[in-house]
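Note that the protein sequences, when read in sequence, are chains A and B. Anchor point for the first sequence: position 31 equals 31 in our numbering, and the numbering is continuous, going up by one each time. Anchor point for the second sequence: position 12 equals 12 in our numbering, and the numbering is continuous, going up by one each time.
Any given hint could be a false lead.
What the hints assert, rightly or not - No more than 27 Å apart at the CA atoms, straight line, and that leaves these computed lysine-lysine pairs for DSS-like:
1. LYS102/B - LYS9/A
2. LYS22/A - LYS44/A
3. LYS71/A - LYS102/B
Claimed, not checked - If you anchor each label on the Cβ, the simulated ranges turn out as follows:
4. LEU7/B - GLY28/A: 29 to 39 Å
5. THR2/A - ILE83/B: 17 to 27 Å
6. TYR39/B - ASN26/A: 18 to 28 Å
7. ASN68/B - PRO8/A: 37 to 47 Å
8. TYR10/A - ILE60/B: 23 to 33 Å
9. THR7/A - TYR39/B: 15 to 25 Å
10. THR7/A - SER70/B: 38 to 48 Å
11. ASN41/B - PRO61/A: 19 to 29 Å
12. VAL29/B - LEU27/A: 22 to 32 Å
13. LEU7/B - SER20/A: 35 to 45 Å
14. ARG63/A - PRO18/B: 45 to 55 Å
15. ASP18/A - LYS58/B: 44 to 54 Å
Honestly, the hints are just simulated from the structure, not real lab data. Ideal Cβ placement from N, Cα and C applies to all residues, glycine included.
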Amino acid sequence: DTAVSQTPKYLVTQMGNDKSIKCEQNLGHDTMYWYKQDSKKFLKIMFSYNNKELIINETVPNRFSPKSPDKAHLNLHINSLELGDSAVYFCASSQDLAGYEQYFGPGTRLTVT
Amino acid sequence: AQSVTQLDSQVPVFEEAPVELRCNYSSSVSVYLFWYVQYPNQGLQLLLKYLSGSTLVKGINGFEAEFNKSQTSFHLRKPSVHISDTAEYFCAVSAGGTSYGKLTFGQGTILTVHP
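All chains should be modelled from the sequences, with the hints used to inform the complete structure.
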């Protein structure tokens, strides 16, 4: 059983399109995150949610909108995709807000052409 | 604000040799420190963490790290590496205050173990 799963694994799309990435965790955790890993492998947090409530919202363009329908799911919707959005997006979860042990999904490689 | 610097971007080593991956951090408040490993085309996996207590922390796969507050370091070590340890390793810090619950990662160190 996969603890944190993401779909799709790969996403290739054109500039200007809108796309979504889905994340689900079956660990019973309260907190979920989205991270972006750029081409240099630098990993940066984008958002975190705790029990469906937005907690961390880093300086991310408004084109990125997270949605948490319940505490086991955190989706990421991206409008008007740009070349610079190409990256690997990781979802993660932790038991609580302290986030001391985060479990990561396998990542979604987004390529914008 | 918190930050992490991994001092080596790449570390090549021969199988069964010891290895040390260096990590320095900065934070104005108490910190919690972590090492994660990323195998090719996979997500990150927690190797070990320092929250409090003993400054020598043991993790999975034979890795250990030592928290040194005076030198603001958290170096990762393994006495004898295997080919299967080839991966990218990330040091991360989480602090209190406005950074509560936020993991800040270093730039990563690629460990390559040669036969």
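Consistency of the hints with the structure:
no.: 1; hint: LYS102/B - LYS9/A; result: holds (25 Å)
no.: 2; hint: LYS22/A - LYS44/A; result: holds (18 Å)
no.: 3; hint: LYS71/A - LYS102/B; result: holds (18 Å)
no.: 4; hint: LEU7/B - GLY28/A: 29 to 39 Å; result: holds (38 Å)
no.: 5; hint: THR2/A - ILE83/B: 17 to 27 Å; result: holds (26 Å)
no.: 6; hint: TYR39/B - ASN26/A: 18 to 28 Å; result: holds (22 Å)
no.: 7; hint: ASN68/B - PRO8/A: 37 to 47 Å; result: holds (43 Å)
no.: 8; hint: TYR10/A - ILE60/B: 23 to 33 Å; result: holds (29 Å)
no.: 9; hint: THR7/A - TYR39/B: 15 to 25 Å; result: holds (20 Å)
no.: 10; hint: THR7/A - SER70/B: 38 to 48 Å; result: holds (46 Å)
no.: 11; hint: ASN41/B - PRO61/A: 19 to 29 Å; result: holds (27 Å)
no.: 12; hint: VAL29/B - LEU27/A: 22 to 32 Å; result: holds (28 Å)
no.: 13; hint: LEU7/B - SER20/A: 35 to 45 Å; result: holds (38 Å)
no.: 14; hint: ARG63/A - PRO18/B: 45 to 55 Å; result: holds (47 Å)
no.: 15; hint: ASP18/A - LYS58/B: 44 to 54 Å; result: holds (46 Å)
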